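> Residue numbers (the working numbering), protein chains in the order written: chain A, 1 to 370; chain B, 371 to 601.
The set of hints was computed from the structure by calculation and includes no laboratory data. Do not take every clue at face value.
Chain B regions said to be covered by chain A (calculated; three or more residues, Cβ under 8 Å) [said to hold, decoys possible]:
(1) 494-500
(2) 511-525
If you anchor each label on the Cβ, the simulated ranges turn out as follows [to be verified]:
(3) B:R410 x A:I69: 55 to 65 Å
(4) A:D51 x B:V407: 24 to 34 Å
(5) B:G504 x A:I69: 30 to 40 Å
(6) B:L417 x A:P72: 25 to 35 Å
(7) B:G415 x A:R66: 31 to 41 Å
(8) A:A121 x B:R596: 26 to 36 Å
(9) A:A121 x B:T579: 49 to 59 Å
(10) B:L427 x A:T20: 29 to 39 Å
(11) B:T409 x A:A49: 14 to 24 Å
(12) B:H424 x A:V165: 42 to 52 Å
(13) B:V407 x A:S106: 26 to 36 Å
A few chain A positions that, by computed beta-carbon distances, are all more than 12 Å from chain B [stated by the list, open to error]:
(14) E3
(15) V81
(16) P89
(17) R102
(18) F113
(19) E225
(20) E254
(21) G293
(22) A306
(23) A314
Bear in mind the structure is a predicted one, so any value in this text is a computation, not a measurement. For glycine and all other residues, C-beta sits at the position ideal for the given N, C-alpha and C.
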Amino acid sequence: MLEVSVSKQLTGFRLDATFTAPTPGVIALFGRSGSGKSTLTNIICGLLAPDAGAVRLDGELLSDARAGIAVPVERRRIGYVFQEPRLFPHLSVTANLRYGERRRRSAPSVIAFDEVVGLLALARLLERKPWQLSGGERQRVALGRALLSQPRLLLLDEPLASLDVARREEVLPYLVALRDRLSIPMVYVSHQFEEVLRLATHLVLLEGGRVLAEGAVEELSLYPELQSIIGPDLMGAVVEGLVTRVNTDTGSAELAVGAGALQVSLRDVAPGARVRLQLLARDVILATQPVQGLSVRNALASTVIAISDDDFGAVLVRVDVGGAIVLARITQDACRALRLRPGDAVWTLVKAVSTRGHTFTLAADSRSPS
Amino acid sequence: MNASPDSPELEALRLSLEVAVRSVGLSLPLAVLAAWVLTRTRFPGRLALDAFVHLPLVLPPVAVGYVLLLLLGVRAPLGAWLHERFGIQLAFTTAGAALATAVMTFPLMVRAIRLSLENVDRGLEDAARTLGAGPLDRFLTITFPLMLPGILAGAVTAFAAGLGEFGAVITFASNVPGVTRTLPLALYTAMQSPGGDQLALRLAILSFTLGLIGLLVAELLVRRVRRLLGG
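Next up, chain A with everything else stripped away, as it sits in the complex (with noise of 0.2 Å):
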């Protein structure tokens, strides 16, 4: 459990930041920049100590205001990957690694050099100096020396926001296989909402130097307050499935989502798996009749819970498919026309491609435990 309440006043800026998360897992802190996670995560890592409150890692103590307690950056164990790698320009990658493995002191090794030159693919690197590589594999070399050094939690700042968008997809599997292979808790710094939705477990919502909200990403997704930090666009509720039939020739699945079943484009994966998914608002289409001779895959029986403006000009209407929440956006000329009335009984209409680029592969242990 990490437990933070802090707060810090910096020129022009004011945090003052609660949250309890769950351990292990990943504790995604999301907002825009600007919003106070950076501050956040060096409180929580000792780079930068609170005005008040305290940080507690699974029970112990790290820092307390009131108390005067404050362990130190170097005794915390906290492995820490900024948003450029860091790396120690005058030493070859292998003296990196072994940098913080070198110094961590009396605590257990937990995982190994060869290790985590296997996990992050480092062994053609290791010779080599820090300017000899590419941003996304120094970027991976710095994920590799954080995690050696043996840290209790680890904190990654924006890691992927100093890389173009292939040299993300060069890194961002890397920490998927990490969070699912590897006990050890990460907090996971981000604005990039589809970051989140393929690696966050807890998620904790920051704005202007404040926790908006926190909980379960599928939670969270529904949080209206949501859509001021990632727009109306992304927008959508997110739901978990377990894939149960998958068709290899066509690129579809058919996924358990709730007490009914939907068909989603998606392909490398097995039947069993457990993903995550989000139906984008603005791809959810609702009708009051049953309807024939579309070629929408999904029309599944819903009910309609809540209506609420957008502040885009359009409604979000929320769904109950079969226990599962679902968000569809749609126009108030529309929502008037069919007369939607939370207690009515709908017609969720989601085409599978619309999930196409939507949907994650969740490791079966890495269910949030919501």
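With chain A held as given, fit chain B onto it using these hints.
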């Protein structure tokens, strides 16, 4: 033109090298410390210390030598104490010439080291910290190696400049043949003595060559270290 083993040229060259080496050895650790204090710490007297360190750059060297004489001369309080307590005499000795040279070249050294320290990314030190490195460990394994180009540049520049220090040396350590008569002092002496024109010319050419070699070596060394560091 050939210089015999005991020729004044060789003696002056040997003395100049000895004085320059000793002065660099003496001032280098202090210069690293001064650069650190001036760059990384904030205290009320910092600006005054900064000015004090740079004073030899703007003072007449003779004045610096005179102040040293006032402090460390044979009959000066500090000088007498050093002599009685440790048997150390600085005025009119080679060690004294080295000290005077060290004081004069100190600002050059501090400037070069300070510049390199300012260029060390503090983020790297923070990274080392999160990896479990304490303050001294961080300095020795990260900061110091990254400052090396500047430290080398400072040392070699101070060495090259130290070969030619005149005013402070002659004032504090006097012009004793074989003890404090370094290249510039020998050159000055030759110019003052009748028929010393040939010797003066040879000494001038020697000084010129030495200075040039010193500066070239400094540049090459810095480049090489930079490459090693992957800059």
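> Hint by hint, where does the structure go against what was stated? Just the numbers, ascending.
3, 5, 10, 15, 16, 17
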